[in-house]
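Peer 1: Read top to bottom, the protein sequences are chains A and B. Under the working numbering, the first residue of the first sequence carries the number 1, and numbering increases by one thereafter. Under the working numbering, the first residue of the second sequence carries the number 259, and numbering increases by one thereafter.
Honestly, the hints are just simulated from the structure, not real lab data. Take the hints with a grain of salt, since some may be wrong.
Stated by the list, open to error - Calculated cross-link-like contacts (lysine to aspartate or glutamate; reagent style EDC-like; alpha-carbon spacing at most 20 Å):
id: 1; chain 1: B; residue 1: 622; chain 2: B; residue 2: 704
id: 2; chain 1: A; residue 1: 119; chain 2: B; residue 2: 747
id: 3; chain 1: B; residue 1: 694; chain 2: B; residue 2: 332
id: 4; chain 1: A; residue 1: 131; chain 2: A; residue 2: 94
id: 5; chain 1: B; residue 1: 327; chain 2: B; residue 2: 792
id: 6; chain 1: A; residue 1: 119; chain 2: B; residue 2: 645
Unchecked claim - Listed next, the stretches of chain A that the computed footprint assigns to chain B, with coverage defined by at least 3 CB atoms under 8 Å from CB atoms of chain B:
id: 7; region: 111-123
id: 8; region: 126-138
id: 9; region: 152-164
id: 10; region: 192-205
Said to hold, decoys possible - Computed footprint of chain A on chain B; a stretch qualifies when at least three of its residues, placed anywhere within it, have a C-beta under 8 Å from a C-beta of chain A:
id: 11; region: 505-516
id: 12; region: 556-568
In this text the structure is predicted, and so the values were computed from the model without any measurement. A virtual CB, placed ideally from N, CA and C, is assigned to each residue, including glycine.
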Amino acid sequence: MLRMFLKPFARFFEFHARTHYRAERHSMALTGGIILAASVGGFIEIAPLFTIDDTVEAAADMRLYTPLEQAGRDIYIREGCYACHSQMIRTLQDEVDRYGPYSLAAESQYDHPMLWGSKRTGPDLARVGEKYSDDWQVRHLVDPRALVPESVMPQYAFLLDRPLAIESLPARLSALRAVGVPYTDDQIVSAARDAYGQALPDTGNADGVLERYGEETNVRIFDGRRDRLTEMDALVAYLQILGGLTELPAETQPLRGE
Amino acid sequence: MMTRLTTIERQGAMLLSGLIAFAGLALAVIGRGDAMGVHGWITLILAGTLFFIAGNAAYAPEPTEDRTKSYYDDPTKIGLLLALFWAVIGMGMGVWVAAQLAWPDLRFDAAWSSFGRLRPVHTSGVIFGFGGNALIATSFHIMQRTCRARLAGHLSPWFVLLGFNLFCIIAASGYLMGVTQSKEYAEPEWYADIWLVIVWIVYFILYIRTLARRNEPHIYVANWYYLAFILVVAILHIVNNLAVPASFGAAKSYSAFSGVQDAMTQWWYGHNAVAFFLTSGFLGMLYYFLPKRAERPIYSYRLSILSFWGIVFFYIWAGSHHLHYTALPMWVQTLGMTFSVMLLVPSWASAGNALMTLNGAWQKVRDDATLRFMMVAAVFYGLSTFEGSFMAVRAVNSLSHYTDWTVGHVHAGAMGWVALISFGSIYAVVPVIWRKESMYSWKLVEWHFWLALGGTVIYVFAMWNSGITQGLMWRTYTESGTLAYSFTDTLVAMHPYYVARAIGGSMFLAGAVIGAFNVVMTIRNVSHAAPQRDYPTESEANEPAVPAAE
Chain A
1 MLRMFLKPFA
11 RFFEFHARTH
21 YRAERHSMAL
31 TGGIILAASV
41 GGFIEIAPLF
51 TIDDTVEAAA
61 DMRLYTPLEQ
71 AGRDIYIREG
81 CYACHSQMIR
91 TLQDEVDRYG
101 PYSLAAESQY
111 DHPMLWGSKR
121 TGPDLARVGE
131 KYSDDWQVRH
141 LVDPRALVPE
151 SVMPQYAFLL
161 DRPLAIESLP
171 ARLSALRAVG
181 VPYTDDQIVS
191 AARDAYGQAL
201 PDTGNADGVL
211 ERYGEETNVR
221 IFDGRRDRLT
231 EMDALVAYLQ
241 ILGGLTELPA
251 ETQPLRGE
Chain B
259 MMTRLTTIER
269 QGAMLLSGLI
279 AFAGLALAVI
289 GRGDAMGVHG
299 WITLILAGTL
309 FFIAGNAAYA
319 PEPTEDRTKS
329 YYDDPTKIGL
339 LLALFWAVIG
349 MGMGVWVAAQ
359 LAWPDLRFDA
369 AWSSFGRLRP
379 VHTSGVIFGF
389 GGNALIATSF
399 HIMQRTCRAR
409 LAGHLSPWFV
419 LLGFNLFCII
429 AASGYLMGVT
439 QSKEYAEPEW
449 YADIWLVIVW
459 IVYFILYIRT
469 LARRNEPHIY
479 VANWYYLAFI
489 LVVAILHIVN
499 NLAVPASFGA
509 AKSYSAFSGV
519 QDAMTQWWYG
529 HNAVAFFLTS
539 GFLGMLYYFL
549 PKRAERPIYS
559 YRLSILSFWG
569 IVFFYIWAGS
579 HHLHYTALPM
589 WVQTLGMTFS
599 VMLLVPSWAS
609 AGNALMTLNG
619 AWQKVRDDAT
629 LRFMMVAAVF
639 YGLSTFEGSF
649 MAVRAVNSLS
659 HYTDWTVGHV
669 HAGAMGWVAL
679 ISFGSIYAVV
689 PVIWRKESMY
699 SWKLVEWHFW
709 LALGGTVIYV
719 FAMWNSGITQ
729 GLMWRTYTES
739 GTLAYSFTDT
749 LVAMHPYYVA
759 RAIGGSMFLA
769 GAVIGAFNVV
779 MTIRNVSHAA
789 PQRDYPTESE
799 ANEPAVPAAE
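So here's chain A without its partners, still in its complex pose (with noise of 0.2 Å):
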C-alpha cells in the first residue's frame, strides 16, 4: 500500500536521488544547501514579529523599571530563579484561576531578556507582585521551609547581608536603553540616587523617584533594614512589582462571570 501511496513521487524521487549524487562531491553545495535550508524556518517566524504591529499590545500606563527593581531583576537571574518559576500565565482557565489574567506581550516588553521560563518547580511568579508582604518575601527567602514547610526553595539568607552594588547602575540602564527601553538621561543619571532613595526614602532621595517612575511606585523600606541598602532590598522590589507595570490585562480581561 505504501508503495502505491509514493508511487506518483518516483521520479521525483528518482531526480533528487541522483542529482544529491552529485552535489555531495562538493563541499561547499553542502555547505550552502545547509545553511540555506536552515535560514528559512526562523526568518519567516521571527522577522515578522518586529514588524507586525499588533504582536505586542500598545500599553499607555506602562512604566519601566526603577534602577532598584532593575537591579533586583538584575539578582534574580543571577541566582538562577527563572530555572524554577516562570513569569508566564498562559491562556488556560485554570492558570487564570491561579495565578491571575493570562499575561499580555506589552508587560515583558522591556525585559531585556524575558525571564518566560520553561518549568514550574516553584510557581509562577507573573503576578507575584503585592500579593504577599515584603516581610513575607524576605522571611521566605530568608528561610522558605520556615513559611511552607513542603518547600524545596533554597534559602537566599545571605541577600540580608550583602550591601547593594549601586554605582554600576547608571551603565546599566543605558546598555538597556541601547537595547530599546526608553530610560531619559535623567533617569541614567540619578539611577544610584534612585535606588537608593526608593529602598531608604528616609535619606530624602524619594522624591525624585516618584517624579522620575510615578507616584505609583513602591517606595518604603524592604528589607527592614534602615541603616543600608541591601541586594535583599533589591530583589524584593523587584518581586512586588511583578504583574504592576501595567493595568492593561485586568482592564482587558473580565473576571469570570462578569
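Based on these hints, arrange chain B on the given structure of chain A.
Peer 2: Chain B in isolation, oriented as in the chain A frame:
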C-alpha cells in the same frame, strides 16, 4: 605528544598560547573586582601552562614520522578523555541538583551551592562538556577515516579542542559566581560567546580543509551531519547571544531582544540546540560507528538523504512549540506545532535506517555491549522524537508544559540517545586509536550498559509520573468550581518521584564512572595491537570508509 609536532608548529603553539595568556591577563586587569577578572586569571593560568608545555619541547628533535602514512589522532585522544571527565562532572552535578529537589537542605551555606547556580553547571557540563567534546573528538576521527586523509593542520585541531574546553570552564565557573545571561543553554556572557565564535570559525575551516583533501569523490553522510552541526550552531549562537554589555570591564550584558521577540529567538535557539548540537552531530556518530561496528552497510542511501534534509529544514521551525498558550502570536505557535509533527518523518527515517542496518547482525547486538549501546540509542532516538512531536501538539502541551514531563523527555533524549551513542562510540574508537587489542574489560562495558539503561528507564518513568500527576493536579477543580489543589499539595506529591529520579541518575553516573575507569585501564594496561589498515590510502578498495553495499 608535543614532540610529534614540528619545531615550527611548537613555536606556533607557544605563540598562540602566549597570545591567549596575554588576553587572559588583559581580561584580569580590565575586569578586576568582577567575575570577569576571575575568568581572566583562569585563562592566564591555563594558557600559561600550555605555553610552558610547548616551550619545554621547543628544542626537542624534529619528528621523523611520515605524515602522509598515518592519521593524526592525538587531539581525538585528549578530546575523548576530556569528554569522559566532563561526563563525570556534569552527571555528578545532575545527581546533586536532583537530590536537592528531594532534600533541599543538601547544600553548603554558600551562594554558589544553590539549585539555581548549580543547574546550568549540570546542563552545560553534560551538553557542552561531555557532548561537545565527544562531538569534536569523534568528528576528527570520522572526517579523517571517511576522507581517507589526515587532518588539515596540526595546531588548529588543538586550538579547536582546547579553546572549546576553555569556553566550557569559563561557563561552568561563571555560573557558580552568578555570571549568566539567563538564556537556557546559552547562559555564558558576552566575552565567552565571542571566544566561542572564534573557536567555531577555526573548527569550520579545519573541517572544510580536511574535506578538501579527501581521497574519495563523495562526502560520506556522517560528515553532512557534522557540517550541519558546525554551521547551524554558529548561526544560532551568534543570533541568540546578541547583547550589549553594561560595561566592557564587567560580565553583565543585556540581550538585544526583549519580551515576545526574545522568547521566540531563545526557543528558536533552544530547540535547535537540541536539533543541531544534540541530534545532528550524534547522528554523524551513529552513521559512522554503527555500520562499522555491525559490519553492515547503511540500509538505505535515500533514507539518509531524506532524513538529513528533513531534519535540517523542519527542525528550525519547531522552536515555537515551547511557547504554546503564551503571549506569542497564535500563527507562530501553530507553525511550530505543525512542523514538530512533520519532523517525526525524517527523525524516524534516521532511527529506522539505523535499526534496519542491523538486520543480519542482531546476534552481534546480543553479544556485543558496544553495539547494543548504539542500537538502544537509536531506539531511544526514535522514542524521544515521537514523544517530542506528541508533546508539541497544543492540547498535550497544555498538560506537559512547565512540568517534569518535559524534563523526562529531555533526559530520554540526552541519556537514552545522546549519552548512549557517545559511550558506544567511545568503546568502539578507544581500542582503534590507542592501538589496543580490545577494551580492558568487556564485563565492565556490560555493567555500564545495564546501569545506563536501568538508570534512564527509572529516571524517565519517574518524570513521566511526576509530570503528568502535577499537570493533572494543577487543573483539577472541586465540584464547587474552585481549584482542588494548592501548589504545595503538588510539591508533596512530587517527592517520591524526585527520590526515584535521584536514584536513576546515580545509576547512570555510576555507569559513566565505570566507563571512564575502563577507558583509562585500557590505555594503561592492555597490550598493543598492530592496526588493521587504519591509515590514509588512495583507494576505496584498501580501506572502505564504512562497509559498502553489494
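Peer 1: For each hint, tell me whether it holds in the structure or not.
Peer 2: Here is how each hint holds up against the structure:
{"no.": "1", "hint": "B:622 x B:704", "verdict": "holds (14 Å)"}
{"no.": "2", "hint": "A:119 x B:747", "verdict": "holds (17 Å)"}
{"no.": "3", "hint": "B:694 x B:332", "verdict": "holds (15 Å)"}
{"no.": "4", "hint": "A:131 x A:94", "verdict": "holds (18 Å)"}
{"no.": "5", "hint": "B:327 x B:792", "verdict": "holds (10 Å)"}
{"no.": "6", "hint": "A:119 x B:645", "verdict": "holds (18 Å)"}
{"no.": "7", "hint": "111-123", "verdict": "holds (count 13)"}
{"no.": "8", "hint": "126-138", "verdict": "violated (count 0)"}
{"no.": "9", "hint": "152-164", "verdict": "holds (count 6)"}
{"no.": "10", "hint": "192-205", "verdict": "violated (count 0)"}
{"no.": "11", "hint": "505-516", "verdict": "holds (count 9)"}
{"no.": "12", "hint": "556-568", "verdict": "holds (count 4)"}
Checked against the numbered hints given earlier, the structure breaks hints 8 and 10 and satisfies all the rest.
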